[in-house]
Each structure stands twice: as structure tokens, then as C-alpha cells.
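Peer 1: Each chain, written out:
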Amino acid sequence: MLAHGEIAVAEGAVDAPSPRAAAPGNGPSSPHRPAVCWLLSAGGAVAVVAAAAALSGFHAGFPARWNPGVAGGFSSLDNWVTAHQQSNFFLGTVIGDISTVLAVCTNGLLSFLTWMTWVGVLAAAGAASWLAGGWRTASFSAVVVAVLGLSGLWGESMATLSLMAVAIILSVLVGLPLGVAAAVWRPVGQLVRPVLDVMQMLPSYAYLVPVVILFSIGNPAGIVATFIYAVPPIVRFTQLGITTVGGDVVEAAAAFGATRGQVLRKVELPLALQSILLGLNQVIMMALSVVVIASLVGTGGLGDSVLQALNVVNVGDAFTAGIVIVLMAMALDRSSGAFGGRIGRSGRRSARQLALLWGAVVLVVLAAHYGAGLGDFPSGWSLSVSTPINTALSTLQNRLYHFASIPVVGGTSNLSSFLTLDVLNPLQRVLTALPWWVVLAVVGGAGWLFGGLRRALLLGACVVAIGLMQVWSATTVTLSQVVVALVLDLLIGIPLGIAAYRSRAVDRLLRPVLDLLQTMPAFVYLIPVVLFFSVGNVAGVVASLVYALPAAVRATTLGLRSVPVDVVEAGDAFGATARQRLGKIELPLARPYLLLAVNQTIMLVLAEVIVAGLVGAGGLGYSVVVGLERDQFGQGLTAGLSIVLLGVIFDRLTQGRSRAGTFTSAT
Amino acid sequence: MTTVKPDADAEVACRGLWKIFGDRGRELLASGVATRSRAELLAESGCVVAVRDVSFEVARGEVFVVMGLSGSGKSTLIRCLTRLVDPTAGEVRIGGLEVLSADAAQLRELRRRKVSMVFQHFALFPHRRVIDNVAFGLEVQGVGRTPRQERAREVLEVVGLADVERAYPSQLSGGMQQRVGLARALAVDPDVLIFDEAFSALDPLIRREMQDEVIRLEEKMHKTVVFVSHDLDEALKLGDRIAIMKDGAFVQVGRPQEIVGAPADDYVRDFVRGVARGKVLTAEWMVLPADPGAPTTSPAATVTAGTPLQGLLPVLISTPGPLGVVDANGGLLGFLDRAAVLEVLAGNDTVTARRPPDRAALTPSGIR
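Those protein sequence lines, which keep their order, are chains F and V. With my numbering, the residue at position 240 of the first sequence is 240, and numbering never jumps. To convert, take the position in the second sequence, counting from 1, and add 667; that gives my numbering.
Isolated chain F (complex conformation) (with noise of 0.2 Å):
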């Protein structure tokens, strides 16, 4: 089910560069007026300047001397770290102690988890399910458990319960009161949305370093890690909850007198309860999707397993073991998703139904655990599919990997070194022999045209603090794939993304892959690239290209929906045949979301680059990797900064000129 999922994106990406999907590419972006011309104009004279420095050579690059040592004092900040952890009372008290309970309260619920024995831990999950959605969810749930066990991870799997169910309780509990204080206090507000911005904005695992330095590896650093990726989410819903309640419900309440507070508990929350349970669902969802990342800085369970299989190429055992933390994603994401869809309904279940419920759940833990002395799932019933997978993988591998096995284009193989050599290789030579002041002038420009002098400001910050950095040759190797990331996904996400508005078989068909590809924790889908696309810069351009795709998609068919009926229907009764449809009406009123679309892919392509990085993507994201395994931290923390502000970059660009494109359509 996986490999097909990967494989029909491969094969998409192949007939990407042909005209016909070209062409509704170019269509939303013909209609924007002068902000383009400008544009137009402003590069073009650019762009003859950068070439003509680049072909002379001069002041290629950033200049090696102007290095005010910012790695080497990432470096010893570190050492005064590692020297002061007992001393230091934030080092050795807060942070020592936040770690002490961390690593407690996991280690509890393990032996909790193993107390309950497998068959308790069936019952409890069949239950829980049961009362959110149902029959079906709970049959899923069930199922999923037998896997667990059956894909002989039991042990694994119950510890990346353990160690997610911990980093989700400490998300809610900080993320929550956040959330409240952000929409009842204007200036919590203020202080939190910045924050958050940074914090989404981050590419996932670009503060692992500091969370190294500071807790050192281990799980509560993996727990950290994922609270800082996972967080977020739940303070955005449960603040959008709360100050999207009707004013007019509100004031009625104030009418009758109710405090604040009971504004707050009897109207406010309960009608933003919707809401916050949709934010705990996005919430369960990251934290699983960074699974395997956080076994990087040292937490065990199923994301060590897939780690430890990835490094001696055992594809098999990665594979299962990252296919059960996709079946255990989109179990949580079922139960939390219903559960989440049933509060608005009236029906609730009895307080008997539940008592009963819960209590046969309790007599069954204690039968299993006392009555019939179980323990954890029976290893000798696990099916090994590893050796199976092992055999179907390298089979796929010989159709399609080498020579002439798919027509015209050749093998994955080829396709791979028309990549590597036509495509990134000269553009990353392009921005290579790129004077500093040069990109400066681009994206200087660039952000004083969409944002003004203030973001024309920030933004050359940025690309002169890179510079200082002394990251700018990795930070353009990056920066190269990531372009081409970004123009082959919205080459196939947007015409996919319009096929699906267009053609409901073709939404039907497309969904459950989206949805695969979304829920699928960032690693799994790294092992079949690996295996048709090797290791290397275009592996790494391929797992961004597969990661930032639903994204494009998605934001591409919700756009075209976003359409308002009547409008649609006023083309059809001037009789506009379809393409007339698509062209003059669809797309340009769906134009804010196709910026958005671009917005959100970049984001989530840089998201990624660490990941690429992993396998054997050269730039930014393999000096974070190698800064990580060889405890090189100022290295590594420079590259991850870099990238951070390659993201700021980026994502100001194209914010502003989304906001712009919903202004204009406004009017």
C-alpha cells in the first residue's frame, strides 16, 4: 500500500516537465498586473547585472573574511554548557528537572503499558476507540494493535506510545492555558503569535541541536523535541476556538450577568471545544510524524528501529517498522479525528454505559495481567514480513532502478542523473558564482515590493546574516535543490490538484494517497527513495518533492472549491465551455489559494532539508546531520539557523504576496 503510494508519485514526477502540465500551471499567474510587471522588470535588469558579474567571476559568493566567528561561538557556548550543567541552576536545576520527570512519567506509563499486558492494551484501545467513533473506529483500533504485535514491535511500539503519549499530555497542558490566555489577553496574543510563526516556520529539526546541548540525548530530549514541533497547533485551535464564539453569543451572556470567567467556562470554552479537539488531532498527528526524527537525538521505540534498519540498509525492517508507526498514526488520527466529530452531535453516551464499559475493561486487564499471567504480545506469533518485502523491493528495484525499464524515460537511474546533471548542477553553479550583493539586491527588492522598506530591511538582514555565518556555498547547494523541489511540485500538485477539483474519480483516487502521504511519518518514505533514487542530492530533492506535495494539492482543489456557486454558475450562463471556466474564472478567484499553495510548499520543501540531508543531500540539512552525529554543534547550529532564515525569507516573500492577492480579489 505504501510502495504504490511512492511509486505513483515517482512515476508522476517523470512526465512533470511536458507541455500540457505546464500550461494550467501558467495560468494563475497571468493575471496579476503591476506588482508582475515590476517584478518583471526589476529581475530582468538583475538578472543581466548578476550575469554579467557572474561571468567575470567577480566577488563570487561571500567574502571568507568577513567571518565574525558566530560557528565558533556556537562551539564554546556548548563546552560552557557541558561545564556548567551540574553548577548552573537553570542548567542543572530547571532544565534537570523537567528532564527527571519527563523520563519519569515515560518510564511509568511503559511499565503502566506492560502492567496492562497486550491483551489490556487491546481492550483499553478497542474501548477508547469504541466510545469516539464507533464500531469501525474501534475495529481499526483492534486491528492495528494485532499488528503491532504481530510485526514483532510489540515492545517498540508500546515505548513510542509512552514516550508520544507523554510529549501530547505536555503539549496539551502547556498548549491549552496558552491557547485561553492568547484569546482572552490582547497581549498574551501579541507575544504568542510570533512565536508560534517561528516555531511552525521551523524546518522540523532545526532547534534539535539546542535541545541537545541543553538535555543532552536521551528521551526527555526526543520528548522536548517533539512538545517544540507538536505544540503549536493546539494553541492556534484552541485560540481560534475561543475568539471565533459569536460576539452576539457573548454579549448575551454578559447581558445576564455572567463573570468572565463563567463567559469562559459555559460559552467560551464549550462552543471552542470543537475546535480544540481538531488542534489535540493536529497535535497527535506531528507528534508522530517526528517519530523516527527524534530517535536522532536518542529516543528508543519504533523510530530507533527504523534508524537502526535504515543504516545497515535492512529495507524490510525499516520498512515494518515505519509501517507500523503509519498504522498507529491514522489509528490515533481516526479515534482523535471522531471523537473530535462527535462532540458537536447531541448524542453522548450515559454515564452507566460508560462506567460499565471502563469497568469491563478493568476486569479484563486484570484477568490477562493476574488470571491468565500475560505479559507483553507472544513473540512467537509474530510474522516476519521483512525477508518478503526485502525480496519485492529489490525486484521493483531491478524494473524499474536500471536502464531502459520504463518507456522513454529509462530507469529511475536516468532520471536520476538528468536531474543531478542537467538541471541542479547548472543552477547550483548559477547561484554559486552569485555575488553576495547580488542576492542581496534580489531579495531586498523583492520584499521592499511585496512588504516595504521594513521587510526589505529584515529580509536583506537575513541574507547578510547567512553571509556571516560563512554557511553561503552550502546555503546555495540547498538552496538550488529546494527551487527545484518547489517548481516540479507545483508543476504536478497543481494540475493534480485541479484534476481532482474537476474529476470526482480522480479525487476519490487521489485522496486516501494524499492522506497516506500527509499522516506518514517525514522518514518512512525516505526508504523507497532511497532505493530508486539512491543516495544523494536528487534522493534528497525527491523526499521534498513527495513531503511539500499534498500540500499543493490540497491547497489547489480547496481554492477551486472556495469558488463561490454562483459565480461559477453566471460562466456556465454565457455559456463558457470548461476550459473558458477554469481559465477566466476558477483560477483567478482561486488565485490567494495558489499562493498559498506556494507559500505552504516552500515551507514544508524546507522543512525537509534536514531529512535530505539524511540521505546524502549535500547543503545545509547534511551539515546540520553531521554537525549532530560528530558533536560538531557550532557547525551544525549555524546550518540550521541558516536555514531558518532561508525560511523567513522565503515565506515573507510569498506571504505578502498572498495577503496581496486576497486584497485584490476582495475588491
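The hints are simulated quantities; they were obtained by calculation from the structure and are not laboratory data. C-beta: ideal position from N, C-alpha, C; glycine also. Among the clues, some could well be false.
Some chain V residues close to chain F (C-beta under 8 Å, calculated; not the full set) [claimed, not checked]:
| no. | residue |
| --- | --- |
| 1 | LEU751 |
| 2 | ARG775 |
| 3 | ARG778 |
| 4 | ARG779 |
| 5 | HIS788 |
| 6 | PRO793 |
| 7 | HIS794 |
Position chain V relative to chain F; hints supplied.
Peer 2: Relative to chain F, chain V alone:
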């Protein structure tokens, strides 16, 4: 501006009330420039004058309607009464409490027990069943579950919704939802009910039904009511007195007859142009000391003072002699001018109606 004498019997009293939206509201008021027109002020200072020096009193048991087009400031005005919107200046007294100087606790008590509101778009709590919506006011007062639900059931009975108490608001029709809103307001047994365009979101038929419901309840409970409306027919039907509001200020305050029969200015005249005056004006309104055609002391026939002009037609046709008007006790008040009455019935609104006999609170307040 004519000052209104404080009336000890007034349930709601409001004097010199101002509300200016914008940061510089107080400053503007202090500097005295706030007397200039709304548009000028908006252009100059970015401040909007929503309520402009409004004074009025509502007697216990009276239905007082505030009429005006949207944007005239009427919704802001009634929100100032319980400080859902904080007024910029003025005085508000409800049931003896000086509202503007009340502390948070006093204000809460006022909102919890003395004044209830019914909202334009119902503002029901979508996550609560009908019965819990109705019981909300009691709940925030701290009344226990059983007694507050009992009370809610009683009130639901009164508004005819006893059978839907377990439903959620979204499962009800608009008219039923507003009945829930009405029940919610009545459940705390307030002295004052405020209706904020409560029926304007309803279908005409349902609207009439709800108006009748209010009249019925009013006859039974004698609440003091402040009713905001932009529907003149509704105002004439419900109001003991009506205030016409324009650009934040009261233009005219008076009984329905006075508004229709003696518009204070062209704005009000325009407003009441379409009204069937024969239905609103009564015999009392047209009464003269003597029949101008035949000065005599004995009328050929008499009508009671409260008869609408329209109801005079049969008498006008059947009786040729002088028409006398008598009060409820049969005392002769005066005579009617046939020609003038017929002119009014024919729709000629240029006929100047006579000043009615002296009645309380005829002086329009807050006229500028």
C-alpha cells in the same frame, strides 16, 4: 434642550447620555465640538457619535419604543443602559441604581436580576439544550440545578414551548428560537425587559405572532419594556410611547398619536408618511371645544375618546348633527370637525392635527 424633571416613579431614567466611539471621545465631548454633525466629526477626528445627549424616562410598566433607521444609534443606546457598551457621559438610573457609577458586582447584580435582554439574532447558546438556555440566567446567579430547571420549565410553558425543552436551538425554527430567547429573558423575572430589534429577523407572519405574544405577556406581567425597532408598524402596535432617533439623538418622543398626528419635523413626517392615520389617531386627537359649523352644547351623537378615526365612519354617515366626544365616564370633552376627520381619513396628511388635551410626558425631550 429641555430638561426633564426627575420622576421618582421612573423605572429607567437616562439623562444627557453620550456615546462617542473612538479614542478621543471624552476629549471631544469636553472640548464641546461634539455638537457638530456626525459626518464632520468622523472626518475630523475619526470618532463616531453613536448616542448624542439622549434623555428619557420609562415609567414602571410602560412600553417604550426606540425607533430609528439602522445606524441611528438605538442599539448602542440600549447597550449603554446596562453598560454592555460603556457610555462616554451622562446618567443612567435603573430601579434606583446609578448604573454609570456602579461597581462590577452591582452591575452584575443589575444584569442578573433586574434587566434582561432579547437579542436581534437570538444569540442562543448553540451548545446548550433549550432548557439550559432558558436556565442560563439563573445558572450564573448560582441557582441550583433542580430549582432553575423547574423555573425554566414554567417559563417555557408560558411561551408555549414546553415540548421542546430537550432540543438544541439549531433544531428549532426562527420563531421558536426567539420564543426561547424570550423565555430566557423572562426566566430571571426581571423588572425591565430590553428587546433589541428582537423580531426583525423573523418572517412577517411570525413577527406579528411574537408581537401579540409580547402584548399578551405585558398585559399579564406588567414589565417595564424598552423595545428597539426599525419597524414603524411594530412601534405603533406595541409602544405606549415612541422615541424617534436620528443620528444618535432623539428627534421626537411621544405617544403613537403624537408621532403620527404631530410630527416634530420633516424627518419624522417622512417617517410616518405611509401610516394609515385613521387607524392610529383617535377621536380624542381631533376634539375641539365646539363644532365650528354649529356652535351648540348638545351633540346629536357621541363617540368615546379612544375610538380610532376609522371607526367613526359609520357615525359620520348616519348622523348629520354635531358629533360629541366623551371620555370613559361619559363626560363631554368637546366636538369633532367632520370635514377635518374626513380629510384625515382620505389620506390628506397636510391637515394639522389639534394638540391633544394635556397629558403627562408629551414634551419631547432631547430635541435639538
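Peer 1: Each of the hints needs a verdict: does it hold here or not?
Peer 2: Going down the list of hints, with the structure as the test:
no.: 1; hint: LEU751; in the structure: holds, 6 Å
no.: 2; hint: ARG775; in the structure: holds, 5 Å
no.: 3; hint: ARG778; in the structure: holds, 4 Å
no.: 4; hint: ARG779; in the structure: holds, 3 Å
no.: 5; hint: HIS788; in the structure: holds, 6 Å
no.: 6; hint: PRO793; in the structure: holds, 7 Å
no.: 7; hint: HIS794; in the structure: holds, 5 Å
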